[in-house]
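Model the placement of chains B and C with the ligands on the given structure of chain A, informed by the hints.
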Amino acid sequence: MPVEQQGDTRIWRRRDRKAAWQHFGVTLAVAALVVFCAKIISDQTTWEFVGSAPMQGADLAMRMWPPQLGYIAELWGPVVDTIHIATLGTILGVMIASPLAFLAANNTTPSKVFVRPVALALLVTSRSVNSIIWALMLVVIFGPGMLSGIIAIALRSVGFCGKLLYEAIEEIDAHTVEAVSSTGASRLQVLTFGVIPQIAPAFAGISVYRWDINIREATVLGLVGAGGIGMALQGAIDTLAWSRVSVIFLVILATVVLSEWVSAKARAAVI
Amino acid sequence: MLTLKGLHKRYPDGFVALPSVDLEVPTGQLVALIGPSGAGKSTLIRCINRLVEPTSGSVKLGEQELTTLSRGELRRARRRIAMIFQDYALVDRLTVMENVLSGRLGYVSFWQSWMRRFPQADVDRAFELLETVGLKGLHDRRADALSGGQRQRVGIARALMQQPELLLVDEPTASLDPRTARQVMQLLGDLCKAHNLTAIINIHDVPLARAYTDRIVGLQAGNVVFDGKPQELTDAVLPEIYGGEDWNKDAESDQAAAPAEDDGVAA
Amino acid sequence: MSTAPPTTPPTAGAPRRWRRPPHIANPRTRWALYIGASLYLLWALSSVEVDVGRLFEGMTRARTFFAAALSPDFFTRWSDIRAGILESLTMTVVATVAGIALSVPLGLGAARNLASRPVYLVCRAILAGTRAFHEIILAIMLVAMFGFGPFAGVVTLVVSTIGFLGKLIAEDIEAIQWNAVEAVESAGASWLQRVVYAVLPQIMPRFIGLSLYRLDINFRESAVIGIVGAGGIGATLTTAFDRYEFEAVSAILILIITTVFIAEYIAGAIRRKVL
Ligand SMILES: Nc1ncnc2c1ncn2[C@@H]1O[C@H](COP(=O)(O)OP(=O)(O)O)[C@@H](O)[C@H]1O
Ligand SMILES: [Mg+2]
Chain A
1 MPVEQQGDTR
11 IWRRRDRKAA
21 WQHFGVTLAV
31 AALVVFCAKI
41 ISDQTTWEFV
51 GSAPMQGADL
61 AMRMWPPQLG
71 YIAELWGPVV
81 DTIHIATLGT
91 ILGVMIASPL
101 AFLAANNTTP
111 SKVFVRPVAL
121 ALLVTSRSVN
131 SIIWALMLVV
141 IFGPGMLSGI
151 IAIALRSVGF
161 CGKLLYEAIE
171 EIDAHTVEAV
181 SSTGASRLQV
191 LTFGVIPQIA
201 PAFAGISVYR
211 WDINIREATV
221 LGLVGAGGIG
231 MALQGAIDTL
241 AWSRVSVIFL
251 VILATVVLSE
261 WVSAKARAAV
271 I
Chain B
1 MLTLKGLHKR
11 YPDGFVALPS
21 VDLEVPTGQL
31 VALIGPSGAG
41 KSTLIRCINR
51 LVEPTSGSVK
61 LGEQELTTLS
71 RGELRRARRR
81 IAMIFQDYAL
91 VDRLTVMENV
101 LSGRLGYVSF
111 WQSWMRRFPQ
121 ADVDRAFELL
131 ETVGLKGLHD
141 RRADALSGGQ
151 RQRVGIARAL
161 MQQPELLLVD
171 EPTASLDPRT
181 ARQVMQLLGD
191 LCKAHNLTAI
201 INIHDVPLAR
211 AYTDRIVGLQ
221 AGNVVFDGKP
231 QELTDAVLPE
241 IYGGEDWNKD
251 AESDQAAAPA
261 EDDGVAA
Chain C
1 MSTAPPTTPP
11 TAGAPRRWRR
21 PPHIANPRTR
31 WALYIGASLY
41 LLWALSSVEV
51 DVGRLFEGMT
61 RARTFFAAAL
71 SPDFFTRWSD
81 IRAGILESLT
91 MTVVATVAGI
101 ALSVPLGLGA
111 ARNLASRPVY
121 LVCRAILAGT
131 RAFHEIILAI
141 MLVAMFGFGP
151 FAGVVTLVVS
161 TIGFLGKLIA
171 EDIEAIQWNA
181 VEAVESAGAS
191 WLQRVVYAVL
201 PQIMPRFIGL
211 SLYRLDINFR
221 ESAVIGIVGA
231 GGIGATLTTA
241 FDRYEFEAVS
251 AILILIITTV
261 FIAEYIAGAI
271 RRKVL
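Protein chains in written order, with UniProt numbering: chain A, 1 to 271; chain B, 1 to 267; chain C, 1 to 275.
FYI, nobody ran anything at the bench for these hints, they're computed from the structure. Don't take each hint at face value.
Computed spacing ranges between beta-carbons, pair by pair [as the list claims (entries may be wrong)]:
{"hint": "1", "chain 1": "A", "residue 1": "ALA61", "chain 2": "B", "residue 2": "ARG93", "range": "50 to 58 Å"}
{"hint": "2", "chain 1": "A", "residue 1": "LYS265", "chain 2": "B", "residue 2": "ARG93", "range": "16 to 24 Å"}
{"hint": "3", "chain 1": "C", "residue 1": "TRP178", "chain 2": "B", "residue 2": "ALA174", "range": "29 to 37 Å"}
{"hint": "4", "chain 1": "C", "residue 1": "VAL196", "chain 2": "B", "residue 2": "ARG210", "range": "55 to 63 Å"}
{"hint": "5", "chain 1": "C", "residue 1": "GLU174", "chain 2": "B", "residue 2": "ALA236", "range": "53 to 61 Å"}
{"hint": "6", "chain 1": "C", "residue 1": "ALA32", "chain 2": "B", "residue 2": "ALA174", "range": "44 to 52 Å"}
{"hint": "7", "chain 1": "B", "residue 1": "GLY72", "chain 2": "C", "residue 2": "ARG28", "range": "44 to 52 Å"}
{"hint": "8", "chain 1": "B", "residue 1": "ARG179", "chain 2": "A", "residue 2": "VAL270", "range": "34 to 42 Å"}
{"hint": "9", "chain 1": "C", "residue 1": "LEU41", "chain 2": "A", "residue 2": "PHE49", "range": "45 to 53 Å"}
{"hint": "10", "chain 1": "C", "residue 1": "ALA62", "chain 2": "B", "residue 2": "VAL16", "range": "57 to 65 Å"}
{"hint": "11", "chain 1": "B", "residue 1": "ARG93", "chain 2": "C", "residue 2": "PRO27", "range": "16 to 24 Å"}
{"hint": "12", "chain 1": "B", "residue 1": "TRP111", "chain 2": "C", "residue 2": "VAL119", "range": "56 to 64 Å"}
{"hint": "13", "chain 1": "B", "residue 1": "ASN196", "chain 2": "C", "residue 2": "TRP178", "range": "54 to 62 Å"}
{"hint": "14", "chain 1": "B", "residue 1": "TRP111", "chain 2": "C", "residue 2": "MET59", "range": "32 to 40 Å"}
Short, incomplete list of chain B residues facing chain C, as computed with Cβ under 8 Å [what the hints assert, rightly or not]:
{"hint": "15", "residue": "THR95"}
{"hint": "16", "residue": "MET97"}
{"hint": "17", "residue": "GLU98"}
{"hint": "18", "residue": "ARG116"}
{"hint": "19", "residue": "VAL123"}
{"hint": "20", "residue": "ASP124"}
{"hint": "21", "residue": "PHE127"}
{"hint": "22", "residue": "HIS139"}
{"hint": "23", "residue": "ASP140"}
Calculated Cβ distances over 12 Å to all of chain A for the following chain B residues [to be verified]:
{"hint": "24", "residue": "GLY14"}
{"hint": "25", "residue": "PRO26"}
{"hint": "26", "residue": "THR27"}
{"hint": "27", "residue": "THR55"}
{"hint": "28", "residue": "SER58"}
{"hint": "29", "residue": "LYS136"}
{"hint": "30", "residue": "GLY137"}
{"hint": "31", "residue": "ASN196"}
{"hint": "32", "residue": "ALA221"}
{"hint": "33", "residue": "ASP227"}
{"hint": "34", "residue": "GLY228"}
{"hint": "35", "residue": "ASP235"}
{"hint": "36", "residue": "ALA236"}
{"hint": "37", "residue": "PRO239"}
Just so we're clear, the structure is a prediction, and the values are computed from it rather than from any experiment. Ideal Cβ positions, reconstructed from N, Cα and C, are used throughout, including at glycine.
For reference, chain A alone in the conformation it holds in the complex (with noise of 0.2 Å):
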């Protein structure tokens, strides 16, 4: 990044003293509006139970301890839904995601005025509602299981993959696509030999980076019913058994650190 050698505090007082005022005055704003949240949040807050909170989570922690850990035996079968939940989620998205990234993509999409708003209206829509929120509504569906936890997943990924994919596709060498264009090669040729092997890394590493995170959420998405571990945890939950709260957590670390591990690794082969 080359800008940086100018430095950001020079760039907001490059300028006259209206600019430094103009700075003063944005920052009493944000500080203003700060304290204001502040208040709001601290009114509707009971400080007791905040100050009681060091002894609530010390009697939680003292309830979670020992873990039960013969619980464990029971978990095999969530926690390997819970990565065909990711697994099979990611897959469906950026099957999803790829035809929409390349609408979306400025020197791609067939019709800057018609298929790119659209295409990014989907991207923002996909991104805005976390995959919570989509398995919600899909278990109202589809009824509570993991296809719901599926299709959320997938719904998600979408707007994420989508986005990263069209941006790494307005960043390729437009040359390329003009050399590969000029042979007199048709619009989907052009797309397979000159655009695809461009991104071909980007998109593998999006896919795995994007799998990564959805083993994440994968492990949450049975608090409402879409499958996985979480359905185990909830059940925990529900019935105060701490002891089995703490070896469920203790399992979803294990996941979680194993997936970054193979991300790393698969990242690290496709690059």
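Then chains B and C with the ligands, alone, in the frame of chain A:
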């Protein structure tokens, strides 16, 4: 025979890069298009295969008018026109062979290109061309693992793969060292002669243009200000093309300083 | 350089075949990978139980759902929705600012090229700890500790902001051009001066971008942690779901999406101005 008549290009921001260019290039002629940076050389040759859409005027290759072609017709016409780029414009992550074969994309179906099942005749030809340009045995190398000179040779092979009638070359040597630049120009010249190709080469480097082409066209601010044989391009006319009175002084001091005057000019 | 016309027949007798070299050179590894991936996919797909009867029932529900989505009702529950959105926004502002304030020192400490070894290890451990659990799980624990309401939500968002920003700041610092730091150092600058004059300016544009991005994420997250009682629009949303008031659900979702859309637009404008 390539004929440009009243070729006019005005960019969307209102800048007129080419006021009105008339040019005739007979079949088999190798033309150097010289001129300072921003003179409109790239614009001119890109208007021919319509990577840049001409605003008005006519471009004829043989009997065919190119400016009025529909998308599909343009694709077919582009098969007859090959292009070579300054920055090579190879697809980095594809192999040398895939890059060379991409010159046949206009002739094979989408499915064939997707599966990389090109006709055996194309594959044979690609192997021969790789040998011709001096890249024998490198067909499975990835394009980003080549040196600049080697990459430009792949670019040349890809262009010839099209079996074009017309070759458009945009500053083929600007990214190369002087020695490699000479080799590439020599190769281009030889290949054009061998295949009786019509070619337009944009080039900054006046001595190289003099040495390897049949005819030199000088462009300044989109206007043709010189058109003649290489030997007619004397140092006296150079200021006309490149503007600025200090050209002579620079050129003299260059010549005085170094016999290989092409070394430093690539800009 | 040979200039033999390329139309001569191939030198060798037999035609030379060409096939694209496979991505994975070793055929055994390649096939093992293909077969393994296919088997895994079959396994995963077969473990998805699809209850056709339930699905059928779901279709009628889906119809009411989509009908509701197309006719959002902002008014019936307007006061709840308004309060929820405002609470989410205030939580977002406070949590983002507090999170940024805490993540900068942690990020500096977690940069290998800047911090001493023990500081580095401690900061990295803290960052890893804050990233270990999903926001929802954090929120569950914090609600259990602090009680229901936005305070637990703010703490949740602060913790996850630290995990996100701290790690990225550390990585950015590790990637800066070191010669600028050396130049300042050779002028006799102290550690803090080096940070202020040579490090922060280099990471500032991306830092601002990331902070704005996190603001956006925090708002979206605030809609989720409300599901487990940590305040914000998420609480309103779950209530609406529980009462099958899909028109209100639709209204809330539209408001969330619009807010994110506006936030993204503003963030883009700020980024363009600042960078
Ligand atoms: N896309 C464009 N929009 C506006 N002006 C352009 C564009 N491309 C080129 N130009 C202008 O047209 C003129 C000719 O450019 P170009 O053909 O690239 O020159 P050359 O190749 O001779 O260096 C330059 O002044 C350049 O700034
Ligand atoms: Mg040019």
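Hint check results:
Taken as a hint, the range 50 to 58 Å holds for the pair A/ALA61 and B/ARG93, whose Cβ atoms sit roughly 52 Å apart. Look at A/LYS265 against B/ARG93: about 21 Å separates their beta carbons, and that is inside 16 to 24 Å. Separated by about 33 Å at the C-beta atoms, C/TRP178 and B/ALA174 satisfy the suggested range of 29 to 37 Å. Separated by about 58 Å at the C-beta atoms, C/VAL196 and B/ARG210 satisfy the suggested range of 55 to 63 Å.
Between C/GLU174 and B/ALA236 the CB atoms are about 59 Å apart, so this pair conforms to the stated range of 53 to 61 Å. For C/ALA32 and B/ALA174, the hinted distance range of 44 to 52 Å is satisfied, since their beta carbons lie about 47 Å from each other. Between B/GLY72 and C/ARG28 the beta carbon distance is about 46 Å. The supplied range of 44 to 52 Å therefore holds. At roughly 38 Å, the beta-carbon separation of B/ARG179 and A/VAL270 lies within the given 34 to 42 Å, and the hint holds.
In this structure the hint that C/LEU41 and A/PHE49 lie 45 to 53 Å apart at CB holds, the actual value being about 48 Å. Judged by the Cβ atoms, the range 57 to 65 Å given for C/ALA62 and B/VAL16 holds: they are separated by roughly 59 Å. In this structure the hint that B/ARG93 and C/PRO27 lie 16 to 24 Å apart at CB holds, the actual value being about 22 Å. One distance hint, 56 to 64 Å for the beta-carbon pair B/TRP111 and C/VAL119, holds here, with the actual separation near 59 Å.
For B/ASN196 and C/TRP178, the Cβ-Cβ distance of about 58 Å falls inside the hinted range of 54 to 62 Å, so the restraint holds. The hinted window of 32 to 40 Å between B/TRP111 and C/MET59 holds, with their beta carbons roughly 38 Å apart. Checking B/THR95 against chain C: minimum C-beta separation of about 6 Å stays under 8 Å; hint holds. Hint status for B/MET97: holds, given a least beta-carbon distance of 6 Å to chain C, under 8 Å.
Contact between B/GLU98 and chain C, as hinted, is supported at the beta carbon level, the nearest pair being about 6 Å apart and thus within 8 Å. This hint holds: B/ARG116 has a C-beta 5 Å from the nearest C-beta of chain C, less than the 8 Å allowed. The beta carbon of B/VAL123 comes within 5 Å of a beta carbon in chain C, closer than 8 Å, and the hint placing it at the interface holds. Because the beta carbon of B/ASP124 sits about 5 Å from the nearest beta carbon in chain C, less than 8 Å, this interface hint is met.
At a threshold of 8 Å, the smallest CB-CB gap from B/PHE127 to chain C is about 5 Å, leaving the interface hint in force. Hint on B/HIS139 holds. Least Cβ distance to chain C is approximately 7 Å, under the 8 Å limit. A cut of 8 Å between beta carbons decides the hint on B/ASP140: the least distance to chain C is about 5 Å, and the hint holds. No beta-carbon of chain A comes within 12 Å of the beta-carbon of B/GLY14; the shortest separation is about 20 Å.
Its beta-carbon lying about 23 Å from the closest one in chain A, B/PRO26 satisfies the requirement of being farther than 12 Å from that chain. For B/THR27, the non-interface assignment is confirmed: its Cβ lies about 20 Å from the closest Cβ of chain A, beyond the 12 Å cut-off. For B/THR55, the shortest C-beta to C-beta distance to chain A comes to about 19 Å, beyond the 12 Å cut-off, and the non-interface label holds. The beta carbon of B/SER58 sits about 20 Å from the closest Cβ of chain A, which is more than 12 Å, so the claim that it is off the interface holds.
At roughly 23 Å from the closest C-beta of chain A, the C-beta of B/LYS136 stays outside 12 Å, upholding its exclusion from the interface. The beta carbon of B/GLY137 is kept farther than 12 Å from every beta carbon of chain A, the shortest such distance being approximately 22 Å. Look at B/ASN196: its CB is around 20 Å from the nearest CB on chain A, clear of 12 Å, so calling it non-interface holds up. The claim that B/ALA221 is not at the interface with chain A holds, since no C-beta of that chain comes within 12 Å of its own (minimum 24 Å).
Remark: the non-interface label on B/ASP227 is consistent with the geometry, its nearest Cβ contact in chain A lying 26 Å away (cut-off 12 Å). Distance to chain A confirms B/GLY228 as a non-interface residue, since its nearest Cβ pair spans about 29 Å, more than 12 Å. B/ASP235, annotated as away from the interface, keeps every beta carbon of chain A farther than 12 Å; the closest lies near 34 Å. Every beta carbon of chain A lies more than 12 Å from that of B/ALA236, the smallest distance being close to 36 Å; the non-interface claim holds.
Residue placement check: B/PRO239 keeps its beta carbon more than 12 Å from all beta carbons of chain A (closest about 32 Å).
Violation of the numbered hints given earlier is absent; every hint is satisfied by the structure.
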